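Residue numbers (my numbering), protein chains in the order written: chain Y, -2 to 281; chain Z, 154 to 412.
In case anyone wonders, no lab produced these hints; they're calculated from the structure.
A quick note: this is a predicted structure, and the numbers were derived from the prediction, not measured.
Backbone N, C-alpha and C define an ideal beta-carbon position, used for all residues, glycine too.
You may find that some hints are simply not true.
As the list claims (entries may be wrong) - To spell it out: a stretch of chain Z is covered by chain Y in this simulated footprint if at least three of its residues, at any positions, have a beta carbon under 8 Å from a beta carbon of chain Y; those stretches are: (1) 169 to 176; (2) 251 to 263; (3) 401 to 412.
To be verified - A few chain Y residues that don't get close to chain Z, going by computed Cβ distances all over 10 Å: (4) G28; (5) A42; (6) Y93; (7) G109; (8) H198; (9) A234.
Stated by the list, open to error - A few chain Y residues that don't get close to chain Z, going by computed Cβ distances all over 10 Å: (10) N27; (11) L92; (12) G98; (13) Q160; (14) E233; (15) R264.
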Amino acid sequence: MTKRYGPITAVDGLDLDVPEGSCVGLLGPNGAGKSTTMRMLTAQAIADEGELEVLGYRLPGDSKPARALCGVVPQLDNLDVTLTVEQNLLVFTYLYRVPRGERREAIERALGIARLSDRRDAKVNELSGGMRRRLLIARALVHRPRLVLLDEPTVGLDPQVRQELWALLGALRGEGVSLLMSTHYIEEAQRLADTVTIMSHGRAVASGPPAQLVAQHAGREALEVYGPPARLAEVEADARAHGLRTRRTGTSVSILDANGRWEGERRAATLEDVFVLLTGEEID
Amino acid sequence: MTSRPGRLDRAALAGVLVREMVNFSSYWRSTTFSATVEPTIYLLAFGFGVGSLVSTVAGYDYVEFVGTGTVATAVLFSSAFPAMFGTFVKYKFQRTYDAILAAPVDPEDLVTAEALWIAARAGTYGCVPMLVAIAFGLDLGWGMLLVPPVAALGGFGWASFGILVAAVLESIENFNYVVSAVLTPQFLVAGTFFPLSGLPDWAEVLAQGNPLHHRVELVRDSVFGNLDWIDLVHLGVVVAFGGLMWRLAVWRMGRRLIE
Chain Y
-2 MTKRYGPITA VDGLDLDVPE GSCVGLLGPN GAGKSTTMRM LTAQAIADEG
48 ELEVLGYRLP GDSKPARALC GVVPQLDNLD VTLTVEQNLL VFTYLYRVPR
98 GERREAIERA LGIARLSDRR DAKVNELSGG MRRRLLIARA LVHRPRLVLL
148 DEPTVGLDPQ VRQELWALLG ALRGEGVSLL MSTHYIEEAQ RLADTVTIMS
198 HGRAVASGPP AQLVAQHAGR EALEVYGPPA RLAEVEADAR AHGLRTRRTG
248 TSVSILDANG RWEGERRAAT LEDVFVLLTG EEID
Chain Z
154 MTSRPGRLDR AALAGVLVRE MVNFSSYWRS TTFSATVEPT IYLLAFGFGV
204 GSLVSTVAGY DYVEFVGTGT VATAVLFSSA FPAMFGTFVK YKFQRTYDAI
254 LAAPVDPEDL VTAEALWIAA RAGTYGCVPM LVAIAFGLDL GWGMLLVPPV
304 AALGGFGWAS FGILVAAVLE SIENFNYVVS AVLTPQFLVA GTFFPLSGLP
354 DWAEVLAQGN PLHHRVELVR DSVFGNLDWI DLVHLGVVVA FGGLMWRLAV
404 WRMGRRLIE
């Protein structure tokens, strides 16, 4: 699928498949087209080219029934802040057409997922950032969606809160819900996703299980060489002259699949190496 | 479009309406306060202020003339303003519409439900000036039962107008142009505080194009039991205005919300 905004092509011939029951991570720097992709899946952005099918429904024509089966966790919190936790969930049981007799139970279940049962009467603007985020996720689940779209679900949160949310998302996968998650946190993709698609400038530059991507694009090991900037530049040039791939990590140079020629710390290659190698050292 | 839950389906409208109702439970006090106090002040100021100079206008007791006239302006204030500002805030700052459109709700459902909700509110609050006028001696009549539906119908048009404005304008500061150039003149030259027959001919002709004027006439004729064929014309203008604004609002808001 392709999406243009005037002269800018936000999504450029992206091909994406989320197998049922799996978690697919969309990894890419800011501006890679992740959010636009998410919006196209709910028909809030209409693709200029290409075909989209969500849970058997063709978009954008049949997007309404498709949306009824999806849950969306937006990047920016759009809870109704003057309403209580429970009222926010109640509104969504209506928006997502939960049958009358099942609303009560759906709300209780969502409160349980968010672990906010004892804060049900609290107004949203009295909640901590982590609680709000949990509510935002639980709100997307009131109608037991088959596919959940998460746009940067843990952006701007403390590591503790992030781990808490990962546990929540992990539990969802256990229930057989399919997840499509955009993120620019590599650890998040590595921990949660069955397959990762790395996006850059609207294109998919690599796709596969995290471990396979690492093995394929970054090899087994990397060597971290530390030193003053001049030394780093020298090592970098030397390594490249020997046909090796390098990347800067701020205070060091990482040399992938290095031999014994340089002194440094050996470490396993990571998805971050793949990410930087494929999306470029500099973000424009 | 051939989505299975069709266009304007009930569940989608209900979802948006429930959201508004639940929200209303958290702010109804302030809204009700201003919707009650404002027309009362107008009534007192004009009714007694101007009323001390003129006792009857167009054959009516002046307080009753103003009391019925302010019904339509109360509708304007409780529909156009919340629609303009509320809509803008919801789609631009709170991103509420992002959440709603991710659900099985289309822009057409959203705009229609929002306009219906504001119309229902305007239908209720629009009656306040009439109730105040009753307290000041306006005689009861069966025609008064027509006031809530007429007010709601008018409110629907103004709500749609407000949503259209919010969809077209880029910033909330620009709303001042609409308020000063469109709403205030309509409000003053609608036959609310003085009959249009006192205006120069050209102004009187212009005022005929003012939808608010037709609403004022419709309310007045209902309350005083003077319904006539001309009120069908008034009704026609109110319905046409509402229908046109509704479709324009759906169109422009759809373009704004779906990229």
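Verification of the supplied hints:
no., hint, result
1, 169 to 176, "holds (count 5)"
2, 251 to 263, "holds (count 9)"
3, 401 to 412, "holds (count 3)"
4, G28, "holds, 15 Å"
5, A42, "violated, 4 Å"
6, Y93, "violated, 6 Å"
7, G109, "holds, 21 Å"
8, H198, "holds, 18 Å"
9, A234, "holds, 45 Å"
10, N27, "holds, 18 Å"
11, L92, "violated, 4 Å"
12, G98, "holds, 15 Å"
13, Q160, "holds, 26 Å"
14, E233, "holds, 41 Å"
15, R264, "holds, 41 Å"
The structure is inconsistent with the numbered hints 5, 6 and 11, although it conforms to all the rest.
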